[in-house]
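A.B. asks: Spelled out, the chains give:
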Amino acid sequence: MAKIVILGAGISGHVAASHLRRKLDKTHEVVVVSPNRNYQWIPSNIWVGIGRMKSKEILFPLAPLYKKKGIGFKQAKVTSFYPEGDINEAKPYVLAEYVVGEEKGRQEKITYDYLINATGPKLNFEATEGLNPGTNKAYSVCTYTHADHANEGLQSLIEEMKQGKEARIVIGTGHAKATCQGAAFEYILNVEQELRRQKVRDKAKITWISNEYELGDFGMDGMLLSYGSNIMKSHEMVEMVFEDRGIDWILGAGVNKIEDGLAHYETLSGEQNSIEYDFAMLIPSFSGHGFKAFDKNNQDITEKLFKGFMIVDADYSPKPYEEWTVQDWPETYQNPNYKNIFAPGIAFAPPHSISKPRKSPNGTEIFPAPPRTGMPSGITAKLVADNIIDSIKNKNESLHHKGSMGNMGAACIASAGFGMTKGSGVSITTFPIVPDYKKYPDTQGRKLGKTFGEIGLAGHWLKLMLHYAFIYKAKMKPFWYLIPE
Amino acid sequence: MTKRISNFKRFVMMNPIIQFFKFIILSIKVLLIVAGGHGGTREVTK
Ligand SMILES: Cc1cc2nc3c(=O)[nH]c(=O)nc-3n(C[C@H](O)[C@H](O)[C@H](O)COP(=O)(O)OP(=O)(O)OC[C@H]3O[C@@H](n4cnc5c(N)ncnc54)[C@H](O)[C@@H]3O)c2cc1C
Numbered sequence: 060m061a062k063i064v065i066l067g068a069g070i071s072g073h074v075a076a077s078h079l080r081r082k083l084d085k086t087h088e089v090v091v092v093s094p095n096r097n098y099q100w101i102p103s104n105i106w107v108g109i110g111r112m113k114s115k116e117i118l119f120p121l122a123p124l125y126k127k128k129g130i131g132f133k134q135a136k137v138t139s140f141y142p143e144g145d146i147n148e149a150k151p152y153v154l155a156e157y158v159v160g161e162e163k164g165r166q167e168k169i170t171y172d173y174l175i176n177a178t179g180p181k182l183n184f185e186a187t188e189g190l191n192p193g194t195n196k197a198y199s200v201c202t203y204t205h206a207d208h209a210n211e212g213l214q215s216l217i218e219e220m221k222q223g224k225e226a227r228i229v230i231g232t233g234h235a236k237a238t239c240q241g242a243a244f245e246y247i248l249n250v251e252q253e254l255r256r257q258k259v260r261d262k263a264k265i266t267w268i269s270n271e272y273e274l275g276d277f278g279m280d281g282m283l284l285s286y287g288s289n290i291m292k293s294h295e296m297v298e299m300v301f302e303d304r305g306i307d308w309i310l311g312a313g314v315n316k317i318e319d320g321l322a323h324y325e326t327l328s329g330e331q332n333s334i335e336y337d338f339a340m341l342i343p344s345f346s347g348h349g350f351k352a353f354d355k356n357n358q359d360i361t362e363k364l365f366k367g368f369m370i371v372d373a374d375y376s377p378k379p380y381e382e383w384t385v386q387d388w389p390e391t392y393q394n395p396n397y398k399n400i401f402a403p404g405i406a407f408a409p410p411h412s413i414s415k416p417r418k419s420p421n422g423t424e425i426f427p428a429p430p431r432t433g434m435p436s437g438i439t440a441k442l443v444a445d446n447i448i449d450s451i452k453n454k455n456e457s458l459h460h461k462g463s464m465g466n467m468g469a470a471c472i473a474s475a476g477f478g479m480t481k482g483s484g485v486s487i488t489t490f491p492i493v494p495d496y497k498k499y500p501d502t503q504g505r506k507l508g509k510t511f512g513e514i515g516l517a518g519h520w521l522k523l524m525l526h527y528a529f530i531y532k533a534k535m536k537p538f539w540y541l542i543p544e
Numbered sequence: 002m003t004k005r006i007s008n009f010k011r012f013v014m015m016n017p018i019i020q021f022f023k024f025i026i027l028s029i030k031v032l033l034i035v036a037g038g039h040g041g042t043r044e045v046t047k
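Those protein sequences? They're chains F and Y, same order as listed.
Be aware that the first sequence starts at 60, since it is given in our numbering, and climbs by one per residue.
Be aware that the second sequence starts at 2, since it is given in our numbering, and climbs by one per residue.
Note that these hints are calculated values from the structure, not bench results.
Where a beta carbon is used, it is the ideal one built from N, C-alpha and C, also for glycine.
Hints should not be assumed to be uniformly reliable.
So, partial list: chain F residues that the calculated Cβ filter (under 10 Å) puts toward chain Y [as the list claims (entries may be wrong)]:
#1 E148
#2 G305
#3 K509
One-sided and incomplete, this derived list gives chain F residues near chain Y with beta-carbon spacing under 10 Å [unchecked claim]:
#4 M299
#5 V300
#6 E381
#7 E382
#8 N466
#9 M479
#10 G484
#11 L525
#12 H526
#13 I530
#14 Y531
#15 M535
Given these sequences and hints, build the entire structure.
C.D. replies: Below you can see the structure in the form of structure tokens.
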């Protein structure tokens, strides 16, 4: 009988665990290893970061749910991989260290038949000097604790503004190669609306700072989209929204150092500039977790498993932007060297970025890393689970379920302000996520009808509905599996 | 602040009745994209 070990209980780890448990009988073991005791619906951190939602509304503890559903749970963090076992252990295993309670610090070899690495990104704050959430007046909204912190910082600034203080707010990316521009975009619009709601908007100058070459790049090389009866570029749409909201912008900026209320950055033209602020929210760069891997003789084989993130069935051969194709992107998320290891969600190493790479004259690469949002994270996790289920049931490797980001759509419902009547959302869908310039040569690599933008109150309602739907689904309540990833 | 969205557009964007219908349409469109399937890319073009 098979044992499937899932590392991480974020969107992809949790999706994989829940589908595996539902579709496999109880003779098979499903075990989740994650250092977090709670599941969090990360997209709603935006609202926690402006105080319109409490962090407890976006999370729930995993242990009781997993116990009820028959999923094993170890609150531990994985440190190294032994895909061939070792001289004492014939089965492949991961080495994990417990992070809480009496077992804290204890290490355990967790053996597996199939391994799903869904550990997402390491939030690599250290890559930017002085960027540490909650210090130097710079914050993050990447986790609920960070978002709580950001809200405290924002509310105390708003109090000062009510006393007459003029403030500068800077929101965007905190590293030359950061990703997740979408989250920062949502946050800047929500902060702007919150300042209006609290009647201090006139006291603030709000600036978007980003490593994007153009507004609306979002790490996806921008997009051509249908907007009502018009066809528009994403940079025109975002420009319209920012101008309308009185937000100015600095583009092609690689933030490289943070001091108290001061962000230093290099621009694509090679200048070294800085910007003062009273409150900043800067997304850090994402990196792999620095895991090590060893063969059965304890020789280091990390490069067989990792290239920063985990190596999967992508084409990693270096080639210029002009030669990139959708075929470079993985389809099954299987490690080519150890076929019982998979890495869905953010945990897999992308073949390259999606946005065009750009360098400053000083040689600094300044462009967004490729985003892997919630939807593709869920979809790739489900297809990995389905392939494992088929392989177990057929007693033979089965990789029929495929999902390349070059043949998958995504919906990004970006909140632009909270409130049942005053809220707003910028809804953008794209198909495919990675542009296919061969298939759609005249529409910037994407299918127009399926790549559209929409602005308005309906977007806020939809985002709120998704919040409740996905938390319902994550809690595995009745018929949860009918809600698509 | 530069007014880039006309009063009429803003009315459409924020009117709850119009937006209710937009919400239904948007939900269906998003669902079609999400549930519209996904697949590989390699065999198709090889
Ligand atoms: C503020 C914000 C807003 C966002 N908004 C949206 C949105 O509106 N729509 C959207 O589609 N996407 C959004 N995203 C992106 C989305 O959250 C990610 O795509 C998604 O969380 C990725 O899922 P994942 O499971 O791959 O990684 P994660 O969610 O990061 O999960 C990784 C898991 O691995 C665990 N882990 C880490 N290290 C170890 C270890 N050593 N051993 C074991 N486990 C480990 C972690 O504790 C965690 O449980 C947003 C992201 C942010 C930061």
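A.B. asks: Honestly, which of those hints from before does the structure not fit?
C.D. replies: 1, 6, 7, 12, 13, 14, 15
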